[in-house]
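S.K.: What follows is each chain in one-letter form.
Protein chains: 2
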Amino acid sequence: MHNITVALDAMGGDFGPSVTVPAAVQALSHFPELKVIIVGDQASIQNQLNELGHQRSSRLTVRHCDRIISNSEKPSLALRHSQDTSMRVTIDLVESEQADACVSSGNTGALMALSRFRLKLLPGIDRPALVTALPTAQGNKTWMLDLGANASVDADSLFQFAVMGSALAEQHLRRKPRVAILNIGAEEIKGNDLVKRCAEMLSQTHSIHYIGYIEGNELLHDAADVVVCDGFVGNTVLKACEGTAQLFVDKLKARLSASSIKGWIARILFSDLISEVKTLNPDQYNGASLLGLRGIVIKSHGSADVPALVNAIGEAVHEVRRQVPNQISDRLEAVLLERQ
Amino acid sequence: MHNITVALDAMGGDFGPSVTVPAAVQALSHFPELKVIIVGDQASIQNQLNELGHQRSSRLTVRHCDRIISNSEKPSLALRHSQDTSMRVTIDLVESEQADACVSSGNTGALMALSRFRLKLLPGIDRPALVTALPTAQGNKTWMLDLGANASVDADSLFQFAVMGSALAEQHLRRKPRVAILNIGAEEIKGNDLVKRCAEMLSQTHSIHYIGYIEGNELLHDAADVVVCDGFVGNTVLKACEGTAQLFVDKLKARLSASSIKGWIARILFSDLISEVKTLNPDQYNGASLLGLRGIVIKSHGSADVPALVNAIGEAVHEVRRQVPNQISDRLEAVLLERQ
Chain A
2 MHNITVALDA MGGDFGPSVT VPAAVQALSH FPELKVIIVG DQASIQNQLN ELGHQRSSRL
62 TVRHCDRIIS NSEKPSLALR HSQDTSMRVT IDLVESEQAD ACVSSGNTGA LMALSRFRLK
122 LLPGIDRPAL VTALPTAQGN KTWMLDLGAN ASVDADSLFQ FAVMGSALAE QHLRRKPRVA
182 ILNIGAEEIK GNDLVKRCAE MLSQTHSIHY IGYIEGNELL HDAADVVVCD GFVGNTVLKA
242 CEGTAQLFVD KLKARLSASS IKGWIARILF SDLISEVKTL NPDQYNGASL LGLRGIVIKS
302 HGSADVPALV NAIGEAVHEV RRQVPNQISD RLEAVLLERQ
Chain B
2 MHNITVALDA MGGDFGPSVT VPAAVQALSH FPELKVIIVG DQASIQNQLN ELGHQRSSRL
62 TVRHCDRIIS NSEKPSLALR HSQDTSMRVT IDLVESEQAD ACVSSGNTGA LMALSRFRLK
122 LLPGIDRPAL VTALPTAQGN KTWMLDLGAN ASVDADSLFQ FAVMGSALAE QHLRRKPRVA
182 ILNIGAEEIK GNDLVKRCAE MLSQTHSIHY IGYIEGNELL HDAADVVVCD GFVGNTVLKA
242 CEGTAQLFVD KLKARLSASS IKGWIARILF SDLISEVKTL NPDQYNGASL LGLRGIVIKS
302 HGSADVPALV NAIGEAVHEV RRQVPNQISD RLEAVLLERQ
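Line by line, the protein sequences give chains A and B.
Positions in the first sequence are counted from 1; adding 1 to them yields my numbering.
Positions in the second sequence are counted from 1; adding 1 to them yields my numbering.
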């Protein structure tokens, strides 16, 4: 078993080292091949380690740095003044091959800009894309991209998203994923020029299992394994699903927490229903991947708690094991050969 | 009290006269000032009336026509071959001022194309927009547009959507509505050129109460009274909300229908929970308005049942009472004066 080294930005997210350090420690016990380099303020990190009664070791090292990129900082500004920030140092550990992947809960825009600047794009990729797995009613997953790495794209980029998403999903599913384009109707004539042009490209590409258009209501219903859309649509749609799911969870919680006898019986009968229902919230999977780079970058939610951040680290481990950037390159090459 | 005449396309939707005729009859008892002209195959309509034991009267008349626009027909083709179809005749009753508004559950694309062709746009409007009211956790409504009348728009059109949505919502709320733009982040710097340019226009328009950007997860949480976006985003986001809501309703139903003792107790205690939860599905309100036309056109879901279609007729009655197209014209004029 090869070692896998993940660099973890300890300072990102809403809770900083109080979440990132315990998550690193938990992840080490989950993944025996894992090594973690925790990047950030040494004193705060050491405090957390002391609280946990955990020692530094060859599997858990700390890289000190003084500065932090705030959540409100503009990506362009963050890029110019990134020297010695925890996010920049974390990414640079991947660039210098001291780490196999990195994970950050920090400023998404800055993470995308810095990753692209430091790690560079894979050949044949015009824009990186943010992807995550959505739950489905059938208990499967659907990978959706782009979730906001780009506010607007052209058909070539959307096509590349389909290739990248397909390569990633195949490493999870171990079969050829069904790829669909998110559109405003299932008929051929529907949609804007972007989706129509991309549909034409995909339907001519036999190495991708393209199944056509799907609509928004089919997203959590296992209609496809990979769904591509521009970053504006992906971001608003994903958040709309999360907001709707939250509404239902809140409603159910209110019922189950009622102090009446009805509430009391409800708690006995349905204590498991909330957790079951929560698994349908797209928010549950933490760890969105930034695809298209010469390196593995995982974005964790800013509000991630310890188990959620462990999930994100797990996604990093998985992508290193499966060498996802190489898989994407291979898939791209095959597609380009086919299209020549 | 003035009479209000609504033309109803009897042949549109998945169920045709078996839903449209009973809905017309029910609507007549709901709205004392209402007259309905039912448009479609006379024999089928009469059959339904006979079954209901209801007579034609001065309040319920029938306009026979032979042809139907199918759901799969392309709008451009439907437009060319619309003569004597129930949808065309329904719209023409508004055009010739024999009806004050029309309602159809038929082919959405054809309805939009035909409405625009026959009724024409209001002065100052470049494109019509489809709008509906979403429920919110707080029990209020949020009007969202465009829901797919246009697959792509420019900033001027998006701005006009904001003006139209504001005029419509004000007629429901009786106060100045809070208008927001759907975006991928709340910060000023986020988003594509379209939303940025529209935001600039709205923030300079004092007769519109513009409150800035909102994100997808805030949609059903009463963050704004009117939310504007392009038709591609609006359509996918609305359907994603509906799909997510459906998932939760299905989950709950499965629990409550279990044949175990648990299911039995659950049904006694929580029979009202499903209907409560259903009110959070954006799908519940039937009757989307096509705004920007010189006439009132209401699009009902193809799958609408009798109560849902009565709602859509109710929306038509409301818009006639409040003279929504005139309100939009007045608001547009005020905005144009202000911007000169």
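Bear in mind the hints are in silico, worked out from the structure with no lab data behind them.
Please note that the accuracy of each hint is not assured.
One copy or two, either will do: identical chains are not told apart, so a pair holds if it fits within one copy or between any two.
[Claimed, not checked] Under the rule of at most 30 angstroms between Cα atoms (straight-line distance), these lysine-lysine pairs were calculated in the DSSO-like manner:
(1) K263 x K75
(2) K191 x K121
(3) K252 x K279
(4) K254 x K191
(5) K75 x K191
(6) K75 x K142
(7) K142 x K252
(8) K75 x K254
(9) K121 x K252
(10) K75 x K279
(11) K263 x K279
(12) K279 x K254
S.K.: Which earlier hints can't be squared with this structure?
M.R.: The structure conflicts with hints 1, 4, 6, 8, 9 and 10, although it agrees with all the remaining ones.
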